[in-house]
Amino acid sequence: MSTHLTLQGLTRHYPGTDAAALSGLDLTVPAGSCLALLGPSGSGKTTVLRLASGLDRPDAGDVLLDGRSVLGVAPEHRGMAMVFQRPLLFPHRNVLDNVAFAARVRRTPRRQARAEAKEYLDLVHLSDLGHRHPSDLSGGQQQRVAVARALAARPHVLMLDEPFSALDTPLREEMHELVRQIREALDPTIVLVTHDQAEAAALAEEVAVLSEGRLVQQDAVDRIYTRPRSLLVARLMGGRNEVPGEVHGHHHHSILGSIALPVDVRPSDGPGVLVFRQEAAHVTDVDDSDADARGTVTAVRVIGARRLLTIRPDRIDGDARALTDDLHIHAETPPGHRAGSGARVGLRLSPHALTVVPAAASPPGQVGRTPPATSAARTVQAPTESVR
Amino acid sequence: MRRPAQLLRGALAGFLVVWFLTPLIPLVLWAGAEGWSGVARLPERWSLDAFLTALGEGSGIALLRSLALGTAVAILATPTGALAARALARGTVRRPRLVAAVLLAPVALPVFAVVMGLNVVLLRLHLPAPIGILLVLVVAALPYTTYVMRVAYGAYDVAYEDEARTLGASPWAVAWWVRLPLLAPGVASATFLAFLVGWSDYIVTLVVGGGRFVTVPVLVASAASGTGNEPTVAALSIGALVPPTLALTAAALLRRRLTRPAVRLREPARADRALASTPGAA
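Chains as they are written, first to last, in numbering that gives the first Met the number 0: chain A, 0 to 387; chain B, 0 to 281.
It is worth saying that the hints were derived from the structure and are not from the lab. Cβ coordinates follow ideal geometry from the N, Cα and C atoms, glycine included. There's no promise every hint is true.
What the hints assert, rightly or not - Away from chain A, derived, C-beta distances all over 12 Å, residues of chain B: (1) W29; (2) V101; (3) V241.
What the hints assert, rightly or not - Covered stretches of chain A (in silico footprint by chain B; criterion: 3 or more residues with CB under 8 Å from a CB of chain B, positions within the stretch not fixed): (4) 64-75; (5) 87-98; (6) 102-114; (7) 147-154.
Chain B extracted, bound-state conformation (with noise of 0.2 Å):
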């Protein structure tokens, strides 16, 4: 018999299941019809074409770009919030308080108030429109990764470390065989959300590109700005869902690859379980 409490967990979550899922059936719809009045319940006629439209619009060319502008975000992002987060963590900082707000400060400003200002200087200082972008995209990233890992670092036993020196590991030893497994849950995490940062930002790209650095963001919104697009708006942001979900996955496997050894029994006994269960040594 099941018990009240695991039957609300149950409840609960498959309504979050419905919820994140609901808004996606319209955009698999739209995507797949050919003519839909709006009147009928389902389209009336299917086709594939709405893909081959997207990809006619450049979508080929905007995804290459909104995957190097993420990555690009994530490789900078990541380990420059790991070390701001080091030194939270140590305690080396003076003033930490402060700087974590400092730090912080991208997420509560309002983004398109800081781009436009930081748009003038970008100018000025005749940064190519991509390069720009990047470094506005990193500091926006970099309150994620530097809370991500803080809370990692929050966790992480320096004396690890203490002890694998006293085994024989050089420093760099140390950084490869120990502080990166044990910190590559929230390494992965962090990642993570620094490419999301990239790719899924809109007004920093706009701004800052002149709308000539054209990415799915970009482009989707174009296309939605415009009437009887929508299959093509659907396909296109179908296609925008692939590469965080991916990104997501690979991320949990590496996760669960680095957390646990690759060679583990199954059974949970301990040794002393196993000991009682062996005939005549009861």
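One chain only, chain A, in its complex shape (with noise of 0.2 Å):
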């Protein structure tokens, strides 16, 4: 079931639009790995996976499964089966017959292809449910059988086009378990459109970040995280922390003084902004030695069990450049931690989470951060209703 899927040069220019689409995206996904698209809605997620599912042809470049152009290749023969948002389960078929769908236009015989179904019903833990019509199934029993029926047509490639987005969060939750056990059955070839870091890190190995049609950053999610090439995704990856200041002789000065980069980190010198994540500034003491800043709490937001604290930085004289009075840090604090608004903390920087990107032209918080999941509270409506 594992290949290893390629694309070159993609480019889309929709008729009677200003922007292409997608310009000249390079990305592989190798065998058996999980790739997650990653972008804002309009960055070109979708048309990826339908360029690359054959469902639309790209005016430039190529689609390679295991190194063999597939663009001459109708959808039907890709092998690459997709699972969208809506579960866009057929109506006029029970659930079983729906999972038996690739089979039977295969033309297996209809007791083989439902046995067949059967088992992949099982997978996804709903064997008991063959019989039921899709509208008498829930939004994530709905996308379960969806998922079910796409992982029967055996795919060379698992397409997922934010596929639970419209459920809410236990649900995903369970979901992203699901997918967690497929891979450890089945071991496909998984392609994950998500506008969610949070999922994109929790599903993937690793993270292709589109924006406006282009491929920003394509690497591991742990590097996505502590490593972003750019603001940009930086900011997509939920990242809060951009200090503007200088670097010379691999360290980076700013209001937050002189700090010391990693040995692989190695941006030329001039202006550059130090970026860290919020999980990687630790509040200490406000009189510890060895914090790399001090400031003072001014205000405090609950996230479940942790907090996220924003701190005002004391001003280190020196640098008057980078000094900005908007200039907050965030730093998570885990559960019991006291620190509230007003108080004096120091605070320590994980020296293997930071990284210096250029500066941004546009002021931080106007770009890609990931809207608040209004899509959640988006109910599932059943496909029949439409048809009927």
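Got two chains here, each in a separate frame; can you build the complex from them with the hints?
This is the structure in structure tokens:
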């Protein structure tokens, strides 16, 4: 089932639009791995899936499966089964026959097709619901059936187009667990489109960040968090700390003072923005002698068990250019940490989680902040409603 | 206790049933009457002679002609209307409003005016009368099939086709396994309407056919134009009701069969409820 997918210079310009939906995209998805395509809406994520699966033709570029071009191959022969955000279960077939669809269109006898379908329903833990009508299932169950139906097509590559974004959080986590189980059982190559960086990190080994039809960065999950190549990537991944300053002699100089950079981060000397995760800023006592910076807590936000502190750093005088009054550092504290608003604290930065990226033209907070999960509130509409 | 809204709905439904069935009562009475002076409340003598007379008037062959005409109109107008509706729904037509208006025009124009003009053209073309009738009626049926299929396509989600393609279905397989079943209710309605256009037409059949192509409506009309034929006219009319009623029932059954899978559990219980009702799973 595992196949290596390569996209080379994929370009698609829809007639009547100014900008290309996708320009010169190069991507590789090793066999049996899961790649997450992450980006704001309109960044071209879904276009990638449509071009790769053959539902749409690129203006330029190539799609390779195990090194062989499949551009001339019709979608039904490419072996790239898709699961969309809506389950799209065929309303004229019951659950079992939905899963048996791929086998039936390949002219497998009905009895055998249903027996195979049953195994895939087992895989998504719905073997008892085979005789139900899709509209009798809950949203989460419908999406499970959609996943089973795609797997039953035995695709070379499984394409997931924001498949869980219409589900509420507990259901989504259940689906993530299901994807992990499926990966263990079948080892499929997966391309997952999502706008949720947490989902990307939970499911994929690698993340490819898209913006305005271009690939901005493809990297392992850990590196995309700790070594974003631009402010855009850092923000898309939910990073909150951006400290403008100057790089000299492998140190970053800013309002926080002089901070040594990790060995593998080698920016050229000159202006640069120090970027680190809020999870990589550890709050300590204000008189901690090893603290990289000190400051005053201005706001506290509770995020589940953890808390997110907003800290105004003390000025380290000497570099007047970097001083901005609205610069804040965000740091997450573990449960039980007491520091409240107005408290004086010290900050230690994880030395390996720092990086420096070029300064951006736009002010922070304007680009790429993942929108609050409005989509989770959307209800899953039974597809049958529209065709009755 | 029933609420006023429910009562009102029930009353309205009852009124509609009476409204539709009342005209049939004299029809049934006349068909079974051997003698009815018109003064009496019910016929004085009963018999089924009217049906025999109707058969003697050539109603058998007229029935077959009407059936063939209705079926042929449905077979031609339904796919054509479906194609037009598909193009309109997908936005592949330039000036879709204009095209839709042209397609709906036959409903707005007086049939008599159109058919008088067309008849000259058809005569010049030396087309056999039945073919001419069929062509004109297909055009008359197109507005109905196009409109019904346009609505069906409007509610149809093309994403199902994308999904089916990635699951291994060729374009033909998609049409057969996905598009047709999902559009079946619309197709059934459009077919039925087109059949009715052919089945119930009088003017086009009379004018283009020159009175020699006798269908059920032509026969009924000619019988009704004489006096003293009331039992025969009533018997013919009742006979004319049967095929459309059968077709409507067939369409309704087909719709149910295609929109619901054959195997289905009756109880609406969902899995979560089923779990909750399991003993010990409180």
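Quick rundown of the hints versus the structure:
no.: 1; hint: W29; verdict: 41 Å, holds
no.: 2; hint: V101; verdict: 26 Å, holds
no.: 3; hint: V241; verdict: 29 Å, holds
no.: 4; hint: 64-75; verdict: holds (count 3)
no.: 5; hint: 87-98; verdict: holds (count 7)
no.: 6; hint: 102-114; verdict: holds (count 3)
no.: 7; hint: 147-154; verdict: holds (count 4)
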